[in-house]
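Asker: Letter by letter, the chains look like this.
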Amino acid sequence: MERKRPNLAVEIAGIKLKNPVMPASGTFGYGEEFAPYLDLERIGAIVTKGLSLKPKAGNPTPRIAETSGGMLNAIGLQNVGVDAFIETKIPFLRKVKTPTIVNFFGNTLEEYGEVARRLSDLPEVAGVELNISCPNVKQGGIVFGTDPCAAADVVSLVRKHLRKPLIVKLTPNVTDITVTARAVEEAGADAISCINTLTGMAVDVRSRRPRLANGTGGLSGPAIRPIAVRLVHQVVQTVRIPVIGVGGIGCAEDALEFLVVGATAVQVGTANFIDPTVMLSVIGGIEKFCIEEGIGDIREIIGSLEL
Amino acid sequence: MNNYRTKILSNQEISPGYFRMRILAPGFGETARPGQFIMFRVQLSQSPLLRRPFGVFRTGFLPPDCEGQPEKEYLEILYKVVGSGTGIMSELHEGDRVEVLGPLGKGFDLEAAAGEKILVGGGIGLVPLYMLARKLTETGRVRLLMGGRTRDDILAVTEFERLGVETYVSTDDGSLGEEGLVTNVLERKLDKYPDAVVYACGPMPMLEAVQRICTRRGTPLQVSLEALMACGVGACLGCVVKGSGHSEETPRYLCTCKEGPVFRAEQLDWSRAGEENGYCEGCKS
Chain A
1 MERKRPNLAV EIAGIKLKNP VMPASGTFGY GEEFAPYLDL ERIGAIVTKG
51 LSLKPKAGNP TPRIAETSGG MLNAIGLQNV GVDAFIETKI PFLRKVKTPT
101 IVNFFGNTLE EYGEVARRLS DLPEVAGVEL NISCPNVKQG GIVFGTDPCA
151 AADVVSLVRK HLRKPLIVKL TPNVTDITVT ARAVEEAGAD AISCINTLTG
201 MAVDVRSRRP RLANGTGGLS GPAIRPIAVR LVHQVVQTVR IPVIGVGGIG
251 CAEDALEFLV VGATAVQVGT ANFIDPTVML SVIGGIEKFC IEEGIGDIRE
301 IIGSLEL
Chain B
1 MNNYRTKILS NQEISPGYFR MRILAPGFGE TARPGQFIMF RVQLSQSPLL
51 RRPFGVFRTG FLPPDCEGQP EKEYLEILYK VVGSGTGIMS ELHEGDRVEV
101 LGPLGKGFDL EAAAGEKILV GGGIGLVPLY MLARKLTETG RVRLLMGGRT
151 RDDILAVTEF ERLGVETYVS TDDGSLGEEG LVTNVLERKL DKYPDAVVYA
201 CGPMPMLEAV QRICTRRGTP LQVSLEALMA CGVGACLGCV VKGSGHSEET
251 PRYLCTCKEG PVFRAEQLDW SRAGEENGYC EGCKS
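Sequence order for the protein chains is A and B.
The first sequence begins at 1 in our numbering and counts up by one.
The second sequence begins at 1 in our numbering and counts up by one.
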């Protein structure tokens, strides 16, 4: 007898997802880059590349370096800026029947507020993800994410300007991530993405120079997954708002690890670069796992960790 | 554009350190244009993690194994073993399962080919020029100037000759063809054919020299670049190069994977090209 298909739908801060799998910001462009490879309506949400108020050029090259089980990047948040996003990217996203979550950042507190205000008016945007955790830019990004007070300030300000679900993406480059998690929850975050990349460095031993023009970069990929799972586990114990697990997910089992420790949804990052259809394999694998385990609803898995 | 899960038909060393890999790719030739590339997954495990970009050397058909079956369509890449990734590739055999994403990127602009056509290839940079030569020989005369350090770096020249391409070989050590740089040959050819258009692919110092020569003479030039890439589809923004008019105040980055890998020379900023690894240094791993 064929078993009934499991229910994979979850909800993050009021955003209804048909399944818990979405791309991590910065690994999926603005969605349209991947449209030739996968049906965007089959994934839980689209998460777009981090936007700033003005277009941003990014860092000098080389910007990427491969390391064992991971990659370092120092792209430097190159993006088209919020106005060009609205003009040139939203028309495509409007046609896709999948919620769009827009990642954004500011160089200053005021810029964070201004971008939030502009995104707030767009019916095509289901929710926003606030980036206070990019390790590759001097201004903005991680400056706000490593100081719990600054993180709370920026979340409070954005909350004032935004009438949409607010997800805050945390950095692992802190002593205790639960302090930041608690700070952003109290300041009004509706959900947390955990984690952004870890600051790393790779050196060309022949030239004795860093392999990235920026010197350091953000480490992502399978190498960081155990760290991400641990941090998600810690954050889930700390806050009441939903947590989205991110870090080194490349297959269904990787995603399930995050769900078991309590993530409500997951983001797939670097793996999109290696296989643009990987999210479909992750979704298919989760469904297969549920059928095999006799699980009728994905929510039975979430937070089912036994210690 | 496709994500092929396919298999290797053959993988042979054609010159010391250089390999030719034939990959089963049904329907690939219908969409691939000269100058486009593929992202090749070195192995299905996580090491090495990222795919590697390779220019498409040629596409073609093999006769079927059994009568009544369709011909087997393949694509072919030539690669040099330079690091761990290409080292693993060199050990792959017929029947091994691989993944190929492509064809990707913008190829050569064939509309610009009014006058004499001169192709300049340096070492493994010859790869994207074969499909171009095949197309250009349909309508006119094509010359290939092929340069390398030694005779081992001179690849597949007879295949160009079979297309009717006039080929000129130069090596730094004189072990094959003329001794010296391929750009010396280019200068002479441009003296003789001042209305020529040039297409080039090779190491960055060679491309820079070709660009200087062509700019001085007002010769139209298209160059095919290589770069470190993670995704190949314009999402990671890791493979950018500086466009013309780039400055610290007005940065202008172009994506090698999506806006290239073929550029008109005037699209690029050549001022500090030698210091940037975004240009044609070849895949380092």
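Read the hints as simulated data drawn from the structure, not as lab findings.
It is possible that some hints are incorrect.
Said to hold, decoys possible - Only pairs whose alpha carbons sit at most 20 Å apart, straight line, appear in this in silico EDC-like list of lysine to aspartate or glutamate:
1. 4(A) to 186(A)
2. 258(B) to 300(A)
3. 106(B) to 300(A)
4. 54(A) to 249(B)
5. 54(A) to 191(B)
Claimed, not checked - Quick look at which bits of chain A chain B covers, simulated, 3 or more residues with Cβ under 8 Å:
6. 27–34
7. 63–69
8. 98–104
The model shown is predicted, which means the values in this text are computed figures rather than measured ones.
Quick reminder that beta carbons are idealized off the backbone N, C-alpha and C, glycines included.
Asker: Taking 8 Å as the Cβ threshold, is the statement that the stretch 98–104 of chain A is covered by chain B upheld or broken by the three-residue rule?
Answerer: violated (count 0)
Asker: Between residue 106(B) and residue 300(A), does the CA-CA distance stay at or below 20 Å?
Answerer: violated (47 Å)
Asker: Between the stretch 63–69 of chain A and chain B, see if three or more residues pass the 8 Å beta-carbon test, and mark the coverage as holds or violated.
Answerer: This one holds; 6 residues, not fewer than the three required, reach chain B with a Cβ under 8 Å.
Asker: Within a Cα-Cα threshold of 20 Å, do residue 54(A) and residue 249(B) meet the stated pairing?
Answerer: holds (14 Å)
Asker: Decide if the proposed pair is consistent with the structure: residue 54(A) and residue 191(B), CA atoms, cutoff 20 Å inclusive.
Answerer: Not satisfied, since the Cα-Cα distance of roughly 48 Å exceeds 20 Å.
Asker: Quickly compare the C-alpha distance for residue 4(A) and residue 186(A) to 20 Å and report which way the hint goes.
Answerer: At roughly 40 Å apart (the allowed maximum being 20 Å), residue 186(A) and residue 4(A) break the hint.
Asker: Has the given pair, residue 258(B) with residue 300(A), been kept, meaning a C-alpha gap of at most 20 Å?
Answerer: The hint is violated at about 42 Å.
Asker: Three or more residues of the stretch 27–34 of chain A near chain B by CB distance under 8 Å?
Answerer: holds (count 5)
Checked against the numbered hints above, the structure breaks hints 1, 2, 3, 5, 8 and satisfies the rest.
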